[in-house]
Amino acid sequence: MTSDPGRFDDSPLLVAGGPPSNSLGGGRRHSKLQGRRAVAVSVASSVVLLGVLAALFFFAPGSAQVRQTFFNIPDARTAFLGDPRGGIFSELDALLINIELFLTAEVLILILAMVIALIRQLTGPVTFPLRMIAIAYTDFFRGVPLLLVVYAIGFGVPALNLAGVSTQPVWVYGLAALVLSYSAYVSEVYRAGIDSVHPSQVAAARSLGLSHGQAMRSVVIPQAVRRVIPPLLNDFISLQKDTALVAVLGIIEVNRAAGIVSSTDFNYTGYTVGAFLFLLLTVPMARFTDWLIARDRRRRQAGVAH
Amino acid sequence: MKRELLASSVAAVLVAAAAATASVSIQSTTVLAKAISGCAPSQLHLYRAGQLTVATDAPAYTPWFEKNQPRNGKGYEGAVAYAVAKALGFKQSQVHWTIESFDSSYAPGPKTFDFDINEITITAARAKAVTFSEGYYNDRQALITYKGSPLVTAHSPSQLKTYKYGDQVGTTSLAYIEQQIQPTQTPAVYNNPNDAVSALSDRTIQGFVTDAPTAQYMASSGEVKHGVVVGQFPSNDQAYGLLFHKGNPLVSCVNRAITQLKNNGTLTRLQKKWLGIYTSIPTIQP
Chain A
1 MTSDPGRFDD
11 SPLLVAGGPP
21 SNSLGGGRRH
31 SKLQGRRAVA
41 VSVASSVVLL
51 GVLAALFFFA
61 PGSAQVRQTF
71 FNIPDARTAF
81 LGDPRGGIFS
91 ELDALLINIE
101 LFLTAEVLIL
111 ILAMVIALIR
121 QLTGPVTFPL
131 RMIAIAYTDF
141 FRGVPLLLVV
151 YAIGFGVPAL
161 NLAGVSTQPV
171 WVYGLAALVL
181 SYSAYVSEVY
191 RAGIDSVHPS
201 QVAAARSLGL
211 SHGQAMRSVV
221 IPQAVRRVIP
231 PLLNDFISLQ
241 KDTALVAVLG
251 IIEVNRAAGI
261 VSSTDFNYTG
271 YTVGAFLFLL
281 LTVPMARFTD
291 WLIARDRRRR
301 QAGVAH
Chain B
1 MKRELLASSV
11 AAVLVAAAAA
21 TASVSIQSTT
31 VLAKAISGCA
41 PSQLHLYRAG
51 QLTVATDAPA
61 YTPWFEKNQP
71 RNGKGYEGAV
81 AYAVAKALGF
91 KQSQVHWTIE
101 SFDSSYAPGP
111 KTFDFDINEI
121 TITAARAKAV
131 TFSEGYYNDR
141 QALITYKGSP
151 LVTAHSPSQL
161 KTYKYGDQVG
171 TTSLAYIEQQ
181 IQPTQTPAVY
191 NNPNDAVSAL
201 SDRTIQGFVT
211 DAPTAQYMAS
221 SGEVKHGVVV
231 GQFPSNDQAY
241 GLLFHKGNPL
251 VSCVNRAITQ
261 LKNNGTLTRL
271 QKKWLGIYTS
281 IPTIQP
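Chains A and B, in that order, give the protein sequences. If you read the first sequence in the numbering used here, its first letter stands for residue 1, the second for the next number, and so on. If you read the second sequence in the numbering used here, its first letter stands for residue 1, the second for the next number, and so on.
Hints are computed from structural coordinates only; laboratory data are not their basis. If you're wondering where the values come from, they're calculated on a predicted model, not measured in any experiment. It is possible that some hints are incorrect.
[Unchecked claim] Computed from the model, here is a short list of chain A residues facing chain B with C-beta under 7 Å:
id: 1; residue: Val66
id: 2; residue: Asp83
id: 3; residue: Gly87
id: 4; residue: Ser90
id: 5; residue: Phe155
id: 6; residue: Gly156
id: 7; residue: Val157
id: 8; residue: Ala159
id: 9; residue: Val248
id: 10; residue: Gly250
id: 11; residue: Ile252
id: 12; residue: Ser263
id: 13; residue: Thr264
id: 14; residue: Phe266
The C-beta atom is built at its ideal place from N, Cα and C for all residues, glycine as well.
Taking the hints into account, I'd like the entire structure generated from these sequences.
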């Protein structure tokens with residue numbers, strides 16, 4: 001079976017793609033002109049669109065009030081740096097809590113989600129209850145709004161009054177909620193990756209004498225993980241924002257710091273600053289994800305087995 | 001049907017209240033009877049013509065309201081709202097209640113109420129976004145903890161700094177913790193007072209600051225498990241005001257009504273009636 005190389009041709013990773021479609025033949029001058037024209041058109045259309053949006057914003061009847069309420073420079077400064085005398089917390093300091101939560105959660109999620117995904121790949125009647133638990137887990141945590149999970153753990157676990165468990169710092173409960181919820185999603189991403197590896201690869205590995213575990217570890221998982229990196233990063237962009245939900249437990253992260261500014265002074269500029277800070281986190285991640293996807297596509301087209 | 005019953009019971013309460021006012025002094029009834037000139041319901045700029053639309057948050061907390069039903073006219077703020085309405089010449093049935101959360105009450109754009117009555121402290125910064133009426137209650141902050149907490153006995157100004165506090169987001173009580181108590185640990189900040197109460201009951205936090213009547217009610221009603229009011233802080237000249245859309249001209253007539261209620265003793269009487277048992281608390285220093 002393994003002697004027939006044709007069987008491997010189905011694997012997208014081993015298929016040599018065609019040459020890149022950009023033809024660099026004659027007509028270079030023509031395409032250069034076309035390129036200039038395209039740039040001019042895209043600049044013009046962008047300017048028109050932005051102009052219309054700006055006009056809508058500045059000439060709306062409530063524009064002055066909205067600018068005062070959402071884009072107030074002195075308030076933005078206070079929100080950014082904090083004002084202990086005025087009872088305002090710095091959103092920049094608060095952002096550190098979001099980053100810490102996100103980084104810690106990410107590591108735990110990658111591990112827990114892989115365990116769940118692997119459990120779901122198990123075969124054989126003995127492991128049936130485990131598979132059922134894994135399925136119930138993903139169904140439950142994907143189905144329940146994260147905010148409710150945060151509330152239930154953050155207020156429910158301390159109320160249980162269990163020695164050692166109920167007396168943790170609040171951020172631990174917030175972290176637990178994020179990990180539980182996101183692991184359910186990420187395990188499905190892993191599973192999709194694992195399923196996308198053609199069965200012939202496992203068959204080939206097994207015929208070489210590898211056990212099921214070894215085949216998973218050395219053949220399937222490495223390919224699966226590489227393929228799902230973009231969707232994984234997509235989930236993590238979402239996770240970065242959702243760290244804001246732990247605010248309901250009393251933790252002063254960006255969103256909560258913004259809420260304090262806004263209801264202390266009845267001005268929403270703090271939220272605008274918060275949105276800006278979240279963009280600082282998520283946009284680089286989004287660009288990185290796009291870059292990874294583009295690189296992956298280039299390599300496939302160039303027929304590089306990676 | 002239920003609404004009619006409610007309306008009639010409200011009317012009954014108000015008749016009783018009016019009777020009580022009348023028995024207090026003849027002078028006050030004559031003042032009450034005299035309508036404020038230029039402020040009759042037909043002359044007012046109202047959200048809905050012919051009715052006074054009053055907003056508060058849900059749930060409406062005791063002792064500011066009773067049984068989470070602003071319409072029953074009970075509790076201090078419920079009673080004040082109806083007293084203001086009456087002073088302007090509105091009938092009971094012309095007062096309509098609507099729900100407005102604290103967070104959205106100060107959003108720019110048109111409001112869906114004439115005024116909001118929701119234990120909102122007047123501050124200069126807030127007055128840039130909304131218009132406040134004259135104050136109708138001078139609030140004082142009080143500190144609540146649980147039985148067995150060190151806070152019960154150890155609460156000198158320097159000891160107060162060592163505890164873990166919690167409060168509702170953006171309240172003047174939270175600002176009071178930061179500005180006056182200045183604790184060494186970052187306070188926990190919750191969406192609403194209920195979450196702070198849960199945290200205090202679970203001992204996630206040790207102290208919760210809120211206005212004195214609310215604190216006393218939370219402790220005595222068992223809302224905070226084994227709650228104890230440590231004391232109230234000295235007055236810092238802050239008052240609760242009615243919240244209006246920025247620049248709403250209605251505020252001038254409402255202010256005249258509040259001044260009238262202050263001068264004829266109605267506000268003091270309502271405070272004694274609804275808040276009296278909640279405000280006899282020892283004073284402590286921040």
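Any hints from earlier that this structure breaks? Give me their numbers in increasing order, please.
2, 4, 6, 7
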